[in-house]
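Peer 1: Residue-level listing of the chains:
Number of protein chains: 4
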Amino acid sequence: MESARARLPIVYVDAVPVRVDGHGNVTEVGMLLRVAPDGSISRMVVSGRVLFGERVRDALLRHCEKDLGPVALPRIPVDPSPFTLVEYFPDPDRSGFYDPRQHAVSLAFVVPVDGDCQPTQQALDLAWFSPEEAVSPAVRQQMTSGHDRLIRLALAHVGQLP
Amino acid sequence: MESARARLPIVYVDAVPVRVDGHGNVTEVGMLLRVAPDGSISRMVVSGRVLFGERVRDALLRHCEKDLGPVALPRIPVDPSPFTLVEYFPDPDRSGFYDPRQHAVSLAFVVPVDGDCQPTQQALDLAWFSPEEAVSPAVRQQMTSGHDRLIRLALAHVGQLP
Amino acid sequence: MESARARLPIVYVDAVPVRVDGHGNVTEVGMLLRVAPDGSISRMVVSGRVLFGERVRDALLRHCEKDLGPVALPRIPVDPSPFTLVEYFPDPDRSGFYDPRQHAVSLAFVVPVDGDCQPTQQALDLAWFSPEEAVSPAVRQQMTSGHDRLIRLALAHVGQLP
Amino acid sequence: MESARARLPIVYVDAVPVRVDGHGNVTEVGMLLRVAPDGSISRMVVSGRVLFGERVRDALLRHCEKDLGPVALPRIPVDPSPFTLVEYFPDPDRSGFYDPRQHAVSLAFVVPVDGDCQPTQQALDLAWFSPEEAVSPAVRQQMTSGHDRLIRLALAHVGQLP
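So the protein lines, in turn, are chains A, B, C and D. FYI, in the working numbering the residues of the first sequence are 1 to 162. FYI, in the working numbering the residues of the second sequence are 1 to 162. FYI, in the working numbering the residues of the third sequence are 1 to 162. FYI, in the working numbering the residues of the fourth sequence are 1 to 162.
Identical copies carry no separate label here, and so any pair may be met within one copy or between two of them.
Lysine to any residue pairs mimicking SDA-like chemistry, simulated, CA-CA at most 25 Å apart:
#, residue 1, residue 2
1, K66, V20
2, K66, R7
3, K66, H23
Just so you know, these hints were derived from the structure itself, not from any lab. Please read all numbers here as calculations on a predicted model, not as lab measurements.
Based on the provided sequences and hints, a complete structural model is requested.
Peer 2: Next up, the structure:
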């Protein structure tokens, strides 16, 4: 894996968990508090690798369940295409999305979750923010690696960018 | 309304109801049997007008509830933009989508439904078809006005066109 | 038309003109200076009505040529679906997009233009802004009716929201 | 590379070259005749790997120029997200998209080309087909690996699936 990471872009998925009302309006965005690839403790979305032989939507479900717990009830989108691409590079200036470990091409999805979310494994915390809070300076300064920009792109995609 | 219909394009929504498995794969497409605008009895998707002062997603929810019943539990998409535009014209050759009553610009969405569907009001029946059945000649010949093509566009959008 | 406007949502198109480099990156956003529907002199995107019997993409081309001049060479997108919906209401608080004259459902597209743009007819001026300038407070305060938000949604769609 | 291919999904881009009229309507689809990964001589779209450190849209431009020649003048889309994902697997039944060499996650784009196309390198030929021809049995039987389905998905995306 280490040698592959030095030679090939790695396929990732990023999931922005959201709460949605009955009319399809996004009311809240979920963010994990965890150790980012750059070593900082940071607010982040669900993110992880697609395995050899794995379908992208199976990877999306697996990472949502791993990070949000087994009863989060994520609704995997019916559209297989991501709402945006997030290109992480070891050079922080290449695209604005930064991962010191690797070049990753991440397929980003907005994932409504209906159930109870219990952050598991490496996450310290999961908090929900209104669209206004999610793009506020107070929350943005808790994010690194370009994840604050990813949140804005996700909110724009759902028509809720303040 | 009659005089407006002769002078202005009318805003519509079309909803393609689908059953989805836990991984986001579309497993079935729902189609109503009803009297089409051209007078034929036809397999159709959910379709209707956006009212003055109404948000598009509220119209989408209203028509899904009206045509699929109050416990269909439609999941209105978080993305406000339609997956395609359906331009209905009184001239059947203009775009391939036909409505003898009007020029309608319809915003088309794929809408997963989780609950029990009970077709109400004008529909004679609601039946569910696998993607293969939905594009088969037997089902296509039950559709008029271009709705068979709309089904293929919807299945392509979700990556399930056979 | 006046009586229809009081009873029906009107179909509109909004076009965000952009300059693009050879790799598909948006480098500049074009904005007209014109009298907005609310009477203010405002920075705006190309916007106009779809006529009875007109295809949406023909309306998009017509308004681009009318507002940007005959040699702007707009590239109408191959995807018929808009990147977002802009729902203008006479009530400024309904959606954040405001038009005192009507309820309009506008299909919004990003339109690369290759040629020389010469603002025609009602526009006082056409200016080009980098993505950073386009979302700056100085430019945003020249925009009304929610057009500043539309610019941010367009830049997010093309991955260039700062 | 060989050992990575046995352990990791590889990032690919697929480009469906199209001719477009001034209104954004796709009039023709381009297909190369070349040796497919499965050894057959097959009609195919432009396809290739994203390199370590390379932006996705730079890879898209590079493969278009390599396969269509230096004066094809491809218009790389402004939207960074693909219109669909093509998941190629060594098992032909896994997704319907087949590559005996590897598991590839391919980002698929429709790319209008304005210039002269001269197929270079490994391609034997480049031919242009109307949407009707492109989905006809005669052309479909010249395609392997699921590329016939990719053409249908691309035509559906641009609203031109017959």
